[in-house]
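Asker: Protein chains in written order, with the numbering used here: chain A, 7 to 115; chain B, 16 to 425; chain C, 3 to 92.
A couple of the hints might just be wrong.
[To be verified] Quick list of simulated restraints, FRET-style, between CB atoms:
#1 Leu105(A) x Cys95(B): 30 to 38 angstroms
#2 Met37(C) x Pro33(A): 42 to 50 angstroms
#3 Gln104(A) x Cys30(C): 53 to 61 angstroms
#4 Phe84(C) x Asn30(A): 21 to 29 angstroms
#5 Thr110(A) x Glu390(B): 55 to 63 angstroms
#6 Glu379(B) x Arg22(A): 45 to 53 angstroms
#7 Gly185(B) x Thr110(A): 43 to 51 angstroms
#8 Lys32(A) x Cys95(B): 23 to 31 angstroms
#9 Leu114(A) x Leu103(B): 34 to 42 angstroms
#10 Asn107(A) x Arg164(B): 53 to 61 angstroms
#11 Glu71(C) x Arg415(B): 32 to 40 angstroms
#12 Met37(C) x Glu408(B): 34 to 42 angstroms
#13 Phe84(C) x Lys251(B): 53 to 61 angstroms
#14 Glu71(C) x Glu408(B): 22 to 30 angstroms
[Claimed, not checked] Which chain B residues face chain C? A few, computed with CB under 7 angstroms, are given here:
#15 Cys95
#16 Tyr100
#17 Gly101
#18 Pro133
#19 Pro135
#20 Asn137
#21 Thr140
#22 Pro198
#23 Phe199
#24 Glu310
#25 Ser313
#26 Val314
#27 Val375
#28 His378
#29 Ser382
Derived by calculation from the structure, the hints in this document are not laboratory data. Backbone N, C-alpha and C fix where the C-beta goes; we use that ideal spot for every residue, glycine too.
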Amino acid sequence: MERIQDHPILGRKPQREPVSFTFNGKPMTGYPGEPIAAALLAAGIRTLRKQEESGNPRGLYCAIGHCMECRLSVQGKGIVRSCLTPIEEGMNVFEGQQLANEITGRKLP
Amino acid sequence: MKPKRQLSDLIIVGAGPAGLSAATIAADYGLSVTVIDEFPEPGGRMLGQFHEERGHWWVGKQIADELIEKNRAQGVSIRCGVSVYGMLKVDDMWEVSTSHGAMLAPRVLLATGAAEIPMPTNGWTLPGVMSIGAAQVMTNVHYVKPGKRGLIIGVNVLAMAIARELSVSGVSLAGIVLPPAGPFAGKAALPKENLQLLMGLSHLAPSPFLRLGGKIAKKLGMAGIVSSLFPRGGIKLWDIPLKLRTTAVSINGTDRVESVTLADVNGQGEIITGSEREEAVDFVALAGGLYPLAELASVAGCPFIYTPELGGHLPLHSERMQTPVQGLYVAGNITGVESALVAMAQGRLAAASICSDAGVFGHEGDSKVADAVDEVHRVRASALIQFHPGIPEARRQIYRMWQETFEAGV
Amino acid sequence: MKPSSLIICRCEEVTIEQLEQAYQTGSCTSRQLKMKTRASMGACQGRVCRQLVEAWVHGQNPDSPRDAELLSYRPPIRPITFGQLAKGEA
Chain A
7 MERIQDHPIL GRKPQREPVS FTFNGKPMTG YPGEPIAAAL LAAGIRTLRK
57 QEESGNPRGL YCAIGHCMEC RLSVQGKGIV RSCLTPIEEG MNVFEGQQLA
107 NEITGRKLP
Chain B
16 MKPKRQLSDL IIVGAGPAGL SAATIAADYG LSVTVIDEFP EPGGRMLGQF
66 HEERGHWWVG KQIADELIEK NRAQGVSIRC GVSVYGMLKV DDMWEVSTSH
116 GAMLAPRVLL ATGAAEIPMP TNGWTLPGVM SIGAAQVMTN VHYVKPGKRG
166 LIIGVNVLAM AIARELSVSG VSLAGIVLPP AGPFAGKAAL PKENLQLLMG
216 LSHLAPSPFL RLGGKIAKKL GMAGIVSSLF PRGGIKLWDI PLKLRTTAVS
266 INGTDRVESV TLADVNGQGE IITGSEREEA VDFVALAGGL YPLAELASVA
316 GCPFIYTPEL GGHLPLHSER MQTPVQGLYV AGNITGVESA LVAMAQGRLA
366 AASICSDAGV FGHEGDSKVA DAVDEVHRVR ASALIQFHPG IPEARRQIYR
416 MWQETFEAGV
Chain C
3 MKPSSLIICR CEEVTIEQLE QAYQTGSCTS RQLKMKTRAS MGACQGRVCR
53 QLVEAWVHGQ NPDSPRDAEL LSYRPPIRPI TFGQLAKGEA
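Pulled out of the complex, with its shape left as it was, chain A reads as follows (with noise of 0.2 angstroms):
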């Protein structure tokens, strides 16, 4: 999605170096200190993760910390809320996905 240069009200964000992360092992570039839902979504990626049982894709619902849907796995960090989490230079990021279950016998490849 476009990212907003020159807010008519709120003017320009500080000038700052981009970084380079990989979301699935793909290469992308944010802005350090922002978190890594907005750089995504600055990319135009909105699937942040997977329902763990349904495999229903998920995105950014509420983008200050209280719904967990934008959960994702950094990597060295574990699963962490992609909305609260700053992204940093070489950041691998992944992509939440839908679990086995041993109980309903289902099994992912």
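Once you've looked at the hints, dock chains B and C against the given chain A.
Answerer: Below, chains B and C without anything else, positioned relative to chain A:
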């Protein structure tokens, strides 16, 4: 390894309008203060708020920046990106459990604000559907547009205020429509109720709803608000079509929002057969309103009361912002949903109350607190954004109940 | 889509229909419905849907008091790692 412990006179949870206002006053009177917030930067929801009032823009970010600057100058420690997950009274100290260790203080002020009530609609789990607050945060805090073209479902103060912000920020909106009728929307799905709500707002709040009310009044005539007269195509508010006779039936798409099915409704909120059509959008913002976020008050053992005018269940508190739990105070939207200016005044009042209870003012405590109470009244009476017309009376009832329960000289 | 298939609890994908079935079989309070259906028991701990569940329960019996057996809040009220919990430190 021994847990890191930090001792302050006062720990404030929440770095929004109430928390930051309280911190600066308390620090001014000599208390050592630590403010904790989960969000990466301080300011709370003020960071994304702005509205036009009497010809100029009220910009929450500027107010937040001024407060943060003041706090830093006074040596207030503002710790962001720190989550509070519990709190416990040990002897006369609160032990506040955080993601960054336990922190101790004799007094805690909860200024945790509000959370959003969802407006469930078929298809609302699809990526691209978000709470209206999320659209505000993405646009005005992170500077990323929530999508190319969106639709707002739900008509209320929050929806109108954020719709305006999004539009000013250059986000394209297909309109604001009614939520689907059902057990959750209740009266919010009825065209007439919404029209009355908006008229009520325009009457109470001179701006920005004056213009809005004026527009509706011009089209319909002030006397006899008849929803069936409301134009089917909606009216334009600023640049946004407000469609009070249109409802959202479902949000559609395979792995992201592609469209919303809309339909016309009659005065009872029933769908008019054959009026269904699809509106192509790539994001949807759901606006169900706000409720006080008071989990920590509950964990700390504070009793709750149900006050619909203020957003539902809220921690019982006195007009001085004390709770029945010793050393626990509340301020801002946790005490009921009102505007940021009221929250700020409540924060200053809570600080006065805390300093008075800590003995900082000597004999002058009561008069300092009384002044701060008066200021809250003044700010509330002149607030431009009123979330509910019944707030002053609802508050009087809460404080009367408090007096009868705790100050009756048992 | 029937209204009854509307999802109330996003985390656990609980629908109105499931609430209705649970209510018919004797789960009448928010807490009982939570135990029976897992509504409000997921990752957000009801932060999104508890208002909906409570409103729905109240709607079944509009004369009932609003605070009959509300859902409780228990720490940890925010997600933390076992490491943070054990050490009291990040």
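Asker: Any of the earlier hints contradicted here, and which numbers?
Answerer: Those not satisfied are hints 3, 10, 11, 15, 27, 28, 29.
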